[in-house]
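Visitor: These are the residues of each chain, in order.
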Amino acid sequence: MFFIKELTHTILLHPSYFGPRMESYLESKLYADVEGTCSGQFGFIISVVSVLDIGKGMVLSGSGQAEFVARYRAIVFKPFKGEVMDGVVRNVSKMGIFADVGPLNVFCAAALLQPDLKFDPNSNPPSYSSEDQIIEKGSKVRLKVVGTRVDATDIFGIVSMKEDHLGVLEE
Amino acid sequence: MSDYDDDDLGLDGDGEEQQVTQTSRKGKEKARHRDDDDEEQALREDRDDDDDDEEDEDDEEEEDRGQQPKKRKRRKIAVNSFLDVYAEVSDDDEEEEEEDEEVEGFMYDDADDAVNGDTTRRQHVLLDNRRQQREEKTAEQIAKDLTERYGGIRAAPRYTGDLNDVPQRLLMPSVHDAGLWQVRVKPGRERDIVFSLMRKSIDMEYTAHPLSILSAFQRESLSGMIYVEARSQKHVQQACNGLVGVYLSKGVHLVPIEEMASLLTIKKQDVTVTYGMWVRIRKHPKYGGDLAQVIIPGDGIEDVAVRLVPRIDMNPPEETSMLDPSKKRKKAVAVVGAARPPQKLFNVEEVAKAYSRKSIISKLGGEIVFQGETYKNGFVEKDIKINNLILDDVQPTLDEISMFMSAKDGSKQDDLGIQLRDIAESSRKAAIAVLQPGDNVEVFEGEQAGIHGVVEEISGEVVTITAMGVDIEGQKLEIPARSIRKRFKQGEHVKVMAGMYTDETGLVTTVQDDKVTFLSDLSMTTITVFAKDLRIAAEVGTGTNTIGNYELHDLVQLDAATVGVIFKTERDSFRVLDQNGKVLIVKPHQISMRRDSSRAIASDAEGHELRANDNVKEVDGEQRKGRVLHTHQSFYAFLHNREITEHGGVFVARARSLVSLAPKGNALKNGGADLSKMNPAMMGGGMVGSGALGRGPRDRHIGVTVMVTKGPHKGYGGTIKDTNGNTARVELRTGNKMISIDKDKLRKIAPNGDLLFLHQNAPPGNNSSNNNNSNSNAWGAPPSWTNSGGASGGRTPFQGSSSKTPNPYAVGGGKTPAWAPGSRTPNPYAAESGKTPAWNAGSKTPNPYADGGRTPAWNVSSRTPNPYATGANAGASSGTAYGGATPARSWDASANSSSGWLGAGSDGSATPRQSSWGNDWVSAPTPAAAATPGFNVGLTPAFGALTPAAAQTPAGVFNSAASSATPAASGGYALAANDNRTLESDWLFDPAVVPHHPRIKIQLLGTHVANYLGGEYEQQKGKVIAGNKAPSGYEQTATVLFESGEQRSVVARYIAAVPPSHNGEEVLIAGGKQKGAIMVVREDPDDETVTVSSRSNPGAVFAVPKELLIALYDEKA
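Heads up: the sequence lines are chains R and Y, in that order.
Numbered according to my numbering, the first sequence terminates at residue 214, and the numbering increases by one at each position without gaps.
Numbered according to my numbering, the second sequence terminates at residue 1456, and the numbering increases by one at each position without gaps.
None of these hints come from the bench; they were simulated from the model.
All values derive from a computational prediction rather than experimental measurement.
Here a beta-carbon is modelled for each residue, glycine too, at the ideal position from N, C-alpha and C.
Take the hints with a grain of salt, since some may be wrong.
[Said to hold, decoys possible] Selected chain Y positions facing chain R (in silico; Cβ < 7 Å):
no. : residue
1   : Leu846
2   : Thr849
3   : Leu858
4   : Ser862
5   : Thr865
6   : Glu982
7   : Asn1350
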């Protein structure tokens, strides 16, 4: 699920950047630092919408670097159990399929695929197929999250397709 | 088993593990009857290896020689059938012997009917009689008997062991008995040696020198030693002498009396091996650790027949495939890290394909013999010693059992079914043990089947659960523990607690009964385990990531030629993919080291550099993509791709066949502008980062001629070839040897033979001689002015040449210590003022390295935003006129400080420093000074004292602290005139300079960094119209008329002198001896020193450091 969330990010700025264009640098550093990262707590930070406050820099004694605590608003993406998402199949193996839902990697075990889908190891690329659908690398699928593993810097999901209206999306 | 077993059955029936021979004792007894049948006895003994029980009887027999063998045999059976093996037929005294005789005779008569009823009856009668007699004895008699037996009187008939009648405590050995001697032997040969001893004893019994030992035995639990009973050590040595495998040299030790009994005590092992039970093989080259099923329990014999899932190498090495199996197996074991063949049921077709069909021999009943082993129904059947089996805590895993289950024979199915139930049972028992309050469980059998809940309490076999769901939500139920099992839901993060997947973590994908399938976090493969072995885990499976010092995806060196990447960690071993793509199983101790390839660079197919963490793709082959984990020897690259399931996603490729996925060229171009790349402080890695590599030698000590001053190589001379941290590799001049040695133990050999600390520069004398040449000191580089320790020497040339033109900004002022510390000397300040952060910082600045040290730090720093400028300014908060000019000043200043400040700086004694420029910098490093407003406040009194009358200067011109400023400045000035090489920080207000204010060229430096006036005036040139004296604590300012025509007041510390730029220019010498003099540049001023002479006397040429020179505007201007 996507959220707009206010977050903070601490930037350490080297003294060589203290100067007229410091703010713009701070901003670009903020974008570079946080966009595309993932925090277990909030999920994937998709995009910084706006910088609310770059903060007052505090020069740290000892290093001379300045610490800015920037507040910004960002679009975050966090998967939840039970959520239905669309993804793209990235890898198909005997165990099941791996798919990408944006930045999120998910795995759908073979047992959680629709029962009529059978693994066809001889096809190229390997695929799961039934009479009316085929899942192979690149297929667009609709999935339901059954579990997530949340690390400090990554989220991984287990998904299921074993329900109505899930499975391959028709083009 | 050994060939003794047949005879031993009786003895070993209860697991007894010792062999006792009582050769000599027998000998003694026999001696009494020697008259008639000596030879016969000897003969008999030979055949009679183990029948100790009967021997005593034998001894008393007096029979016909010819009939002996036959009779003996029969008799044995007859007696055995009535007697417990331990209840030996005794021959306590003479009467019994006679009776025995009768028995023998009788039995002999009835030889053909061993179990004849008559015989039986007679035996009973005899036994009863004997007992009666014994009981009739009075206590005295018994006592007497005992004395006879144990009193050491050998002539008396000796007790030969009827355990039933003598109290155990009387049997305990005493000092009067023969001792027990421990003899070291070759491990594994104990039993053989005991038998050799026995044979030897028998052989030598009737020779001139019979063995005097009484018995010998070994215990299997004590490997490498046998015990010999003998009266003296000498007898033991005699007996053991000449036997192979006996280590007499290791000494023969007497066993303490109190330990003798325990040596012979047999602890009954409660071993129950039942048909069909699961066992594990303890140690075996091929099957070690494998699960096996007992097929013949062996009834207390040491061997147990088991069946295993065979491990047959389906890729037999050509040459060994036909050799005998034992040899082959040995060879297989020898290969380090070689994986043993996987478990697979025996398949005749497959084996025939891999080996020749001839090697397979089929027998009746479906048995197949292959390589000396018997296979049946796909299993291999082996006899294994019970000692080599693990009977308890076997815990078969699902995989192992399913392996057995996959056997296809129908006949065994029932058996296996039973077994499976057993397994289920045992695993259920185990499941109870692993239940914990709080676990999610479900009831799978009984009335409450289907209910799930949370464990509240466990008391023995009953578990209280709080039910969840539907109508009984919240109810507490008591359920037998065996009826519940752990319950996991899809998507839960679990951790394996036991079994071969211990510590794996993953997300549950499917749950089927008590089998849970989860996707491993690490290997991205699905694993199925019993629910009982799982637990909900919060953490990600890091558990198996590290064993010892090695971690998953480490590059490890296995031997000189093999490196590999760990792609899987198991309980106590790793799976490593080596550079040739082979998978090895290694234990941590087989890894010689971990290699760090973080700095290794290989080049890819396009010639771009390839480092760890690059995302690359193969250009040929499978075009696999991956992230570079490591590169090895610029040739191999180990890549990782989560999508590849093989080898945990790790694969190896040639670096040359890879191409980067990210367009690299652009990144490099952009990188040029990225300050963070140039900023060592932001590079995390500091100077060691590869980014710094291009900027100078890796270590300035490399190539230095040194002498070892400590350790075994003391006094040796050599050259540093390489350094690593605080150790240096030194190539000794003698012995053609490289040694690794602590740098502290090295001293640099100066050209004049002096020994210096490594971080020291050449000594002053040397330095001074070089000053004018401005190069070629010990470092072969411009002399380091910073070598301030020996400042006096360094001053000399200056005195001669100093005109007073201060020229601190001299372009190309290569002598500025600014770079010297960085580029040439190993931070000379480390020793002197290394405590001051400014210096350390200074040595890290990129500036010194920017142009290989040739360029003065000034220019560099003034062009690039110098991080340290700010820091420095901050330090000099109350700053002096020139304090903030550039950071380079700081070096410069302190470096040149001379004796004037001797007592001032914290480091003053080491570095006599004086510098008008340097004041604040000197003080900046020491917090105290920095804190004091007015940089030289603290210093002045000293000067005042020194040159109290030197107040030549109007106080107004001088910056800093009010009244004390004057004497300070003047004092400093007076002294500074001698040897200054750079401008003092308050040069602008130097009395010698002040009169020239309208003429000197100045520029603003450092404003950019400090954001002073928005940096707009940076490098703007102009001249000072008026210098205003500010009271202590305020910034010194001066009014400057810029070349643009603008006029404004500027903080004095941003004002820097403009060095002379061309020949013939007029300059003011702002420091040194000639301070205040106006001279003309006589040579193009591109060196650190500039040749100048006065207009009036062009012949008197001086060399003046460029920094001391200030360019002047033409007089008319």
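Visitor: Hint check: is the beta carbon of Thr849/Y less than 7 Å from a beta carbon of chain R?
Guide: Constraint on Thr849/Y satisfied, holds at 4 Å.
Visitor: Does Glu982/Y pass the interface hint, meaning its C-beta sits closer than 7 Å to a C-beta of chain R?
Guide: holds (5 Å)
Visitor: Is the hint on Ser862/Y kept, meaning its closest Cβ partner in chain R is under 7 Å away?
Guide: Violated: closest Cβ of chain R sits about 10 Å from Ser862/Y, beyond 7 Å.
Visitor: Holds or violated: the hint that Leu858/Y contacts chain R, with Cβ atoms closer than 7 Å.
Guide: Check passed: Cβ of Leu858/Y comes within 5 Å of chain R, closer than 7 Å.
Visitor: Do the numbers back the hint for Thr865/Y, that is, is its least Cβ distance to chain R under 7 Å?
Guide: holds (5 Å)
Visitor: Closer than 7 Å between Cβ atoms is the bar; does Asn1350/Y clear it against chain R? Give me holds or violated.
Guide: Since chain R brings a Cβ to about 6 Å from Asn1350/Y, closer than 7 Å, the hint holds.
Visitor: Go through the hint on Leu846/Y and say holds or violated, using the shortest Cβ distance to chain R against 7 Å.
Guide: holds (4 Å)
The structure fails to meet hint 4 from the earlier list, while all remaining hints are met.
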